[in-house]
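Protein chains in written order, with numbering that gives the first Met the number 0: chain A, 0 to 120; chain B, 0 to 184.
For the record, the hints were derived by calculation from the structure and aren't laboratory data.
Even glycine gets a Cβ: it sits at the ideal position worked out from N, Cα and C.
Errors might be hidden in some of the hints.
Simulated pairs of lysine-lysine, DSS-like, Cα-Cα distance not exceeding 25 Å [what the hints assert, rightly or not]:
| # | chain 1 | residue 1 | chain 2 | residue 2 |
| --- | --- | --- | --- | --- |
| 1 | A | Lys74 | B | Lys122 |
| 2 | B | Lys70 | A | Lys74 |
| 3 | A | Lys60 | A | Lys74 |
| 4 | A | Lys19 | B | Lys149 |
| 5 | B | Lys68 | B | Lys122 |
With beta-carbon atoms standing in for the labels, derived distance ranges [said to hold, decoys possible]:
| # | chain 1 | residue 1 | chain 2 | residue 2 | range |
| --- | --- | --- | --- | --- | --- |
| 6 | B | Ala128 | A | Glu67 | 46 to 56 Å |
| 7 | B | Asn172 | A | Asp61 | 43 to 53 Å |
| 8 | B | Leu127 | A | Glu32 | 21 to 31 Å |
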Amino acid sequence: MSDDLKNILSNLNKDIEQEKLLDYLNKKLSAAEAHEVEKQMADDEFMNDAVEGLEHFKNKKDLSLLIEQLNSDLKKQTEKKKKKKEKRKLKDQPWFYITLITLLLLVIIGFVLIKKHLENS
Amino acid sequence: MKNSKYQHISDTELLNRFYAKHDNEWLGILLERYTMLLLGVSMKYLKNEEEAKDAVQQVFLKAINELHKYKVEYFKSWIYMIAKNHCLMKLRDKGKHPVEINERVMSAPAEPEEKNSVLEKEKKLDDLAMALLQLNREQQLCVTLFYLEKKSYQEIADQTTFELMQVKSHIQNGKRNLKIIMERI
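Just chain B, same shape as in the assembly (with noise of 0.2 Å):
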């Protein structure tokens, strides 16, 4: 599984050896570190084991193809993007309407954050407080014992009355209330 003489070498390195020569075997090492992750991504969208592994021979393929036409900067995001694309096509294919995702814009730079002072920071931190008991009681209870508490998915599952499922689906979903009571804050 490992390249392992090249794994000082960082992804935005990899991409650039390939772009200096446009020599396919830096391609490769790169593809190569992601190929757990692509096939659980396939696996999730497409639920059959025959079908992931195909879908990400295709990803391989189709990454470098589209590498030789244009720049990538952020290669994690985008080769994400061509993989969850790649396999809501298959599902399209089989009668299911998702939405595609343009994968030239994701292969643009994210805007950079903020830099923020201590002083805002401590404002933030005051607000998350806020936000937090704004939550409903399992958001608020699988959060804190997640974030705060450290405790892991089985830990919080023990010791309260959820499910495994139930208990990352409620870290979710109150990580994701908490970003929109912060952005209204």
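So that you can see chain A by itself, here it is in the shape it has in the complex (with noise of 0.2 Å):
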């Protein structure tokens, strides 16, 4: 197998990884399956810290909420230039500019038009 096709399946794998780990600290796994997960920490010295870390939160439910907190404002920290630099496309686009100027200009005749009649009546 190819270090690259290595590379790629064990970041397919990433987000199983840590859903089989959640299901590890709530002791969801089956034996064999627990064993294959204390295999990797055996190996990997980052996991093996990082669950016995983990065991240590009293409420293994709120972990996910926690990791999603955390997702969220990573998200926020490295998304918000390119959100500016979006803005910024939008006002740049000349069809935008024609849209609102033709709805500006229906509106306007639309109330000339209603104002002449109810005058008319």
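Combine the two chains into a complex, taking the hints into account.
This is the structure we're talking about:
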């Protein structure tokens, strides 16, 4: 198996790994599945330390929420500039202004016609 | 939690995309993959949920700043060191004096493993069997049950008289001792 393929597979599995870790911490895995996670831990110091720490969280069910919160803050931090760029891009689109002006003209014409109609009646 | 449309992209590729235009969005996608592990490591050292959460946010910030300054080859090892160092600094500020690890050194590539021939592998297996016999009874039992009989920590604890933490400790120490014995052979 080439290194690139291994890399792809290991990254495809990252989210499954996180779900599996949560299940392991909540003792939802079978003995065989738990063994697989523990084997990974034995070979991966980062993962081993992390599980040791995660086991100390009082409420494991809140872990997912906490992780979501951290990821959400991270996203806000890293996407900030891009959103500003997108806003600027939108303003540069000519069709946007054409549509806006057309709508305004239609509103004005409509207003004038309604006013004339009311004056005549 | 998932950024599923980028799941197929490797850490290295995400880093390369970041280095191409210094677009932090790629870093966000990459760092998100390690949130849970970083939270766990922070909790292990700091032993406080709020401090651990705060530490993860600080590690994210530091990672984003540092990655703009120099190239990193092995992101996973590097981010692990960033987290450990951050936690150790926090502990040092509280009055404990742990040793810091140089993150720039950790950003350099590790030595590649040498490829062994089939004969060399067979010799290593024989040496490993000999080394296993040199472990103490507890470590030998736990290592055998874990690696050869593929039992989980809980199953080994149920089968032996050891507590779960003792099982883990015997396996870790056994593995370390095996490595030392193998290096001597």
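Okay, the hints, checked on the actual structure:
With a CA separation close to 51 Å, the supplied pair A:Lys74 and B:Lys122 exceeds the 25 Å bound. For the hint pairing B:Lys70 with A:Lys74, the CA-to-CA distance comes to about 22 Å; that is within 25 Å, so the pair holds. Between the alpha carbons of A:Lys60 and A:Lys74 the distance comes to roughly 22 Å, so the proposed pair stays at or under 25 Å and holds. Between the alpha carbons of A:Lys19 and B:Lys149 the distance comes to roughly 18 Å, so the proposed pair stays at or under 25 Å and holds.
Distance check on the hinted pair: B:Lys68 and B:Lys122 sit about 46 Å apart at the alpha-carbon level, beyond 25 Å; violated. Range check, B:Ala128 to A:Glu67: about 47 Å between beta-carbon atoms, so the 46 to 56 Å window is met. Roughly 33 Å separates the CB atoms of B:Asn172 and A:Asp61, a value that falls outside the hinted 43 to 53 Å. About 26 Å separates the C-beta atoms of B:Leu127 and A:Glu32, a value consistent with the hinted range of 21 to 31 Å.
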